[in-house]
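Mind docking chains B and C on chain A? Use the hints.
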Amino acid sequence: MKTTSGWERLRAWFLLPAWIWMAVLFAAPFAIVVIYSLLTRGAYGGLGLPWTAENYQRLLDPLYLGIVLRSFAMAAAATAICLLLGFPLALFISRAGSHKNIYLQLVILPFWTSFLVRLYAWLFLLRDTGLINTALQHLGLIHDPLPLLYNDGAVLLGLVYGYLPFMVLPVYATLERLDPALVEAAADLGSKPWPTLLHVILPLSAPGVRAGSILVFIPALGAYLTPDLLGGGRTVLIGNLVQNQFTTARDWPFGASISVGLMALVGVLVLLMLRSEREGLV
Amino acid sequence: MKRWLGLYAAAVYCFLHLPLVILAVFSFNSSRFTVWQGFSLHWYLAIFQDRQLGESAWNSVIVAVAATILSTAAGTLCAYGLWKRGSTLLSGSLYLSLVTPEIVMGISLLALFQWSFRWLHWRMGLHTVILAHVAFSIAYVVIVIAARLRTFSPALEEAALDLGATEWQAFRFVTLPALLPGIVAAALLALTVSFDDYVITSMVAGVDSETLPMVIYAMARRGASPVINAISALIVVVFGALVLISERVRES
Amino acid sequence: MESILELRGLVKLFPNQRAVDGISLKIPRGGFYSLLGPSGCGKTTTLRLIAGFEQPTSGEVLLDGAVVNAQKPYQRNVSTVFQNYALFPHLTAADNIAFGLKRKNQSGIERKVREALELVRLTGKELSYPAQLSGGERQRVALARSLVLQPDVLLLDEPLAALDPKLRKQMRLELKEMQRRVGITFLLVTHDQEEALSMSDQLAVMNAGSIEQVGTPQDVYLRPSTRFVAGFLGAVNWIDGIGLRPEVTRISRTLPLNGGRFRPATVTGSVFLGNCVHVLTRLESGEDAVAEIPRDDTYKDGAYQAGERIHVCWNPSDEMIFP
Chain A
1 MKTTSGWERL RAWFLLPAWI WMAVLFAAPF AIVVIYSLLT RGAYGGLGLP WTAENYQRLL
61 DPLYLGIVLR SFAMAAAATA ICLLLGFPLA LFISRAGSHK NIYLQLVILP FWTSFLVRLY
121 AWLFLLRDTG LINTALQHLG LIHDPLPLLY NDGAVLLGLV YGYLPFMVLP VYATLERLDP
181 ALVEAAADLG SKPWPTLLHV ILPLSAPGVR AGSILVFIPA LGAYLTPDLL GGGRTVLIGN
241 LVQNQFTTAR DWPFGASISV GLMALVGVLV LLMLRSEREG LV
Chain B
283 MKRWLGLYAA AVYCFLHLPL VILAVFSFNS SRFTVWQGFS LHWYLAIFQD RQLGESAWNS
343 VIVAVAATIL STAAGTLCAY GLWKRGSTLL SGSLYLSLVT PEIVMGISLL ALFQWSFRWL
403 HWRMGLHTVI LAHVAFSIAY VVIVIAARLR TFSPALEEAA LDLGATEWQA FRFVTLPALL
463 PGIVAAALLA LTVSFDDYVI TSMVAGVDSE TLPMVIYAMA RRGASPVINA ISALIVVVFG
523 ALVLISERVR ES
Chain C
535 MESILELRGL VKLFPNQRAV DGISLKIPRG GFYSLLGPSG CGKTTTLRLI AGFEQPTSGE
595 VLLDGAVVNA QKPYQRNVST VFQNYALFPH LTAADNIAFG LKRKNQSGIE RKVREALELV
655 RLTGKELSYP AQLSGGERQR VALARSLVLQ PDVLLLDEPL AALDPKLRKQ MRLELKEMQR
715 RVGITFLLVT HDQEEALSMS DQLAVMNAGS IEQVGTPQDV YLRPSTRFVA GFLGAVNWID
775 GIGLRPEVTR ISRTLPLNGG RFRPATVTGS VFLGNCVHVL TRLESGEDAV AEIPRDDTYK
835 DGAYQAGERI HVCWNPSDEM IFP
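Chains as they are written, first to last, in this note's numbering: chain A, 1 to 282; chain B, 283 to 534; chain C, 535 to 857.
In isolation and in its complexed conformation, chain A is listed as follows:
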């Protein structure tokens, strides 16, 4: 687009608020966090010199490494389950003809209502005094309540429940753009429905699957609220660890170093996603 000096001037003014945002509310906070990660924890929970790399070294401690690995495993599991659950749903919507939009809205809508409320819904269902336990007890199927909450399984459930739309949408976008003639050609050449799914549809949906996987993995990796509410403090993931350092443990430098590490991981994943985008996905 041609930009004469008149447009350039307008553009410069228009972008000013955003630049201020970037400097003050984005770059500066991160810069401060990076600096804090290199300082030492003070006696009463403050922080100050000397400069040290100790906070990063602590990350290699088996206790914390374990938390990182568990977060990875959780995020990976959540991503895998979202893929297994989400792919058939995306396939269904892509074949729903004139009702596509309604089905799509039905997937997106719950997500845009309150995240907190959606988590609480599961608390309501899974608690010892929750609906499921009460119902099972009433039916006489169990005597004592089942420990459905405050464990890894509940957190995994919450992650999948929360981030499923992030998998469904990109996969749907790719499936929707699939040339229907390709599926017809496969049938024409003697391929029954399941082999067609395996040999034609699945390979061609790879870009969408890649995008969806990263879009689920990243927030799952940095999740805080889900493990906090559904894991009840027993499931400690990276997000909980960070929050803990900035509140209860009052070890800001360490919390900062964990955050920097997490952001580094997120950065790498985003680069991967941008690369797959360039390979003709979006």
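Errors might be hidden in some of the hints.
With the Cβ distance kept under 7 Å, some of the chain A side facing chain C (calculated, not the full set) [as the list claims (entries may be wrong)]: (1) Ala-181; (2) Leu-182; (3) Glu-184; (4) Ala-185; (5) Ala-187; (6) Asp-188; (7) Leu-189; (8) Ser-191; (9) Lys-192; (10) Pro-203; (11) Leu-204; (12) Pro-207.
Pairs of lysine to any residue, SDA-like flavour, derived with a Cα cap of 25 Å [what the hints assert, rightly or not]: (13) A:Lys-192 x C:Thr-626; (14) C:Lys-638 x A:Leu-198; (15) B:Lys-284 x C:Leu-547; (16) C:Lys-638 x A:Trp-194; (17) A:Lys-100 x B:Tyr-290; (18) A:Lys-100 x C:Asn-550; (19) A:Lys-192 x B:Gly-288; (20) C:Lys-560 x C:Gly-574; (21) A:Lys-192 x C:Glu-594; (22) A:Lys-100 x A:Leu-175; (23) A:Lys-192 x C:Gln-609; (24) A:Lys-100 x B:Val-525; (25) C:Lys-700 x C:Pro-572; (26) B:Lys-284 x A:Ile-102; (27) C:Lys-606 x B:Arg-285; (28) A:Lys-100 x C:Gln-589; (29) A:Lys-192 x C:Ser-641; (30) B:Lys-284 x A:Ala-28; (31) C:Lys-606 x A:Ile-102; (32) A:Lys-100 x B:Val-303; (33) B:Lys-284 x C:Gly-841; (34) B:Lys-284 x A:Arg-95; (35) B:Lys-284 x C:Pro-549; (36) C:Lys-560 x C:Lys-710; (37) C:Lys-636 x A:Ala-206; (38) A:Lys-100 x B:Gly-488; (39) A:Lys-192 x B:Trp-286; (40) B:Lys-284 x C:Arg-610.
These are computed hints drawn from the structure, not numbers from a lab. Only a predicted model underlies this, so the values are computations on that prediction, with no experimental measurement involved. C-beta: ideal position from N, C-alpha, C; glycine also.
Relative to chain A, chains B and C alone:
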């Protein structure tokens, strides 16, 4: 295969929607236990009698409205500026702010405020919450407006210039009116995102600047009464309506 | 000899149109057959009914004597070359061609793929992906992919439409030659009458869901049975309800004495087309007529000027008369 897909889709939709439906249904339960004992509206009445809920809800509204105004204005101008000529740095930052885990955003803003309070002599309060909300919602606004701009023809602005308008006038009288539905949609989106935020808000709120999500969180943790069910049902309905309106406006 | 493909009273109704309105056709083994008609006439729908992508509302499709209505596309022994080729973008040319063979678990796949590539003259492109091939090459891969399965009938949906004009003319000859060589029945669907005329042994002209005429290219061009067929196969001068092709319409400055028919007319213009000249005239009765004159003739008689009064004449045997 189509039959199986249909059944499967129904099951997944149940999984997605049933928990909320059940929550809503039990908000009308006259008993506080998870056993249905009759229809009642008194939990809804209890909402209006709870002072803490009222104050926090009001705080949430103030924060959401203020943050929305600021982020929608800044975001719209930003999207327009980037449409004229992109900036990898700015686009990258906006994108990064979307993928940043909320807890990281929360603690980094906390760090910023703590550090700046050394010379600003401020304390945590609604103003810090508002700033934080602007921080994370600007990117949403930019995305919505940018999408809208993609369908806008630059020839219209060129025609305006040709007819004697300055660049600013072209924006003001040609582009801005065309963007209005998108701006409304973006504002509604920013509103819902701000109203619902817990993680970032909890890190930067002051002692007397509690928002509604913070109160809900505390109640949820305590395992308190079905008042939460009632609030939840209300929130879902209101947010759902706002999102639907936003989508409708966006499509027009 | 039984026909390889037969359509009996085929009807296909969509919610807002009668796409195919009672078509009966018998296609003999081993020839080049065309369905010709304007867009929307139902020819593509007919093709899809034969391939199995649509179910007929009523009527039957018979392949090699057997009714195949109930059979799915992957059960029928017909193969389709799609308009945009529908090559699998994630497979190489060789893998595309091998696709059908693998689904049927056939043996000797490598050899068959090699022979198919030789047939379409694409040896050496085995490992290329569709994105790396030109339009003409992609079409050949699509052909090879279908032919390698040795179907009873090869269906081609406007196969030349996506090619540029020069390539199109060349491909017509190649397709015709290919059909002769492999001996499989080709059924081509097109809206281009030149294509249908130049390639077909027999063709069926369709309009608004029905077949208006079946015959050889000569039959349908010289002896059209309806006004529609006449007009679709080529230009027509309508004079007094009689149809005349421009190439049999002549101009004369003098009254013709050889027993031909004639009408007085005024020249309204002439168009030089390189190999011939079109002289545009308006008859006294008000109709417009175009006479196609070989280039040499105009120089012999002198060019016709606008406003000149002449006679339009023709041979009665060239008349196309309709009920």
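Verification of the hints:
| no. | hint | result |
| --- | --- | --- |
| 1 | Ala-181 | holds, 4 Å |
| 2 | Leu-182 | holds, 5 Å |
| 3 | Glu-184 | holds, 6 Å |
| 4 | Ala-185 | holds, 4 Å |
| 5 | Ala-187 | holds, 4 Å |
| 6 | Asp-188 | holds, 5 Å |
| 7 | Leu-189 | holds, 3 Å |
| 8 | Ser-191 | holds, 5 Å |
| 9 | Lys-192 | holds, 6 Å |
| 10 | Pro-203 | holds, 5 Å |
| 11 | Leu-204 | holds, 6 Å |
| 12 | Pro-207 | violated, 11 Å |
| 13 | A:Lys-192 x C:Thr-626 | holds, 21 Å |
| 14 | C:Lys-638 x A:Leu-198 | holds, 15 Å |
| 15 | B:Lys-284 x C:Leu-547 | holds, 23 Å |
| 16 | C:Lys-638 x A:Trp-194 | holds, 14 Å |
| 17 | A:Lys-100 x B:Tyr-290 | holds, 16 Å |
| 18 | A:Lys-100 x C:Asn-550 | holds, 21 Å |
| 19 | A:Lys-192 x B:Gly-288 | holds, 19 Å |
| 20 | C:Lys-560 x C:Gly-574 | holds, 22 Å |
| 21 | A:Lys-192 x C:Glu-594 | holds, 23 Å |
| 22 | A:Lys-100 x A:Leu-175 | holds, 12 Å |
| 23 | A:Lys-192 x C:Gln-609 | holds, 9 Å |
| 24 | A:Lys-100 x B:Val-525 | holds, 18 Å |
| 25 | C:Lys-700 x C:Pro-572 | holds, 22 Å |
| 26 | B:Lys-284 x A:Ile-102 | holds, 18 Å |
| 27 | C:Lys-606 x B:Arg-285 | holds, 17 Å |
| 28 | A:Lys-100 x C:Gln-589 | holds, 24 Å |
| 29 | A:Lys-192 x C:Ser-641 | holds, 19 Å |
| 30 | B:Lys-284 x A:Ala-28 | violated, 53 Å |
| 31 | C:Lys-606 x A:Ile-102 | violated, 30 Å |
| 32 | A:Lys-100 x B:Val-303 | holds, 23 Å |
| 33 | B:Lys-284 x C:Gly-841 | violated, 70 Å |
| 34 | B:Lys-284 x A:Arg-95 | holds, 9 Å |
| 35 | B:Lys-284 x C:Pro-549 | holds, 22 Å |
| 36 | C:Lys-560 x C:Lys-710 | holds, 20 Å |
| 37 | C:Lys-636 x A:Ala-206 | holds, 22 Å |
| 38 | A:Lys-100 x B:Gly-488 | violated, 45 Å |
| 39 | A:Lys-192 x B:Trp-286 | holds, 16 Å |
| 40 | B:Lys-284 x C:Arg-610 | holds, 21 Å |
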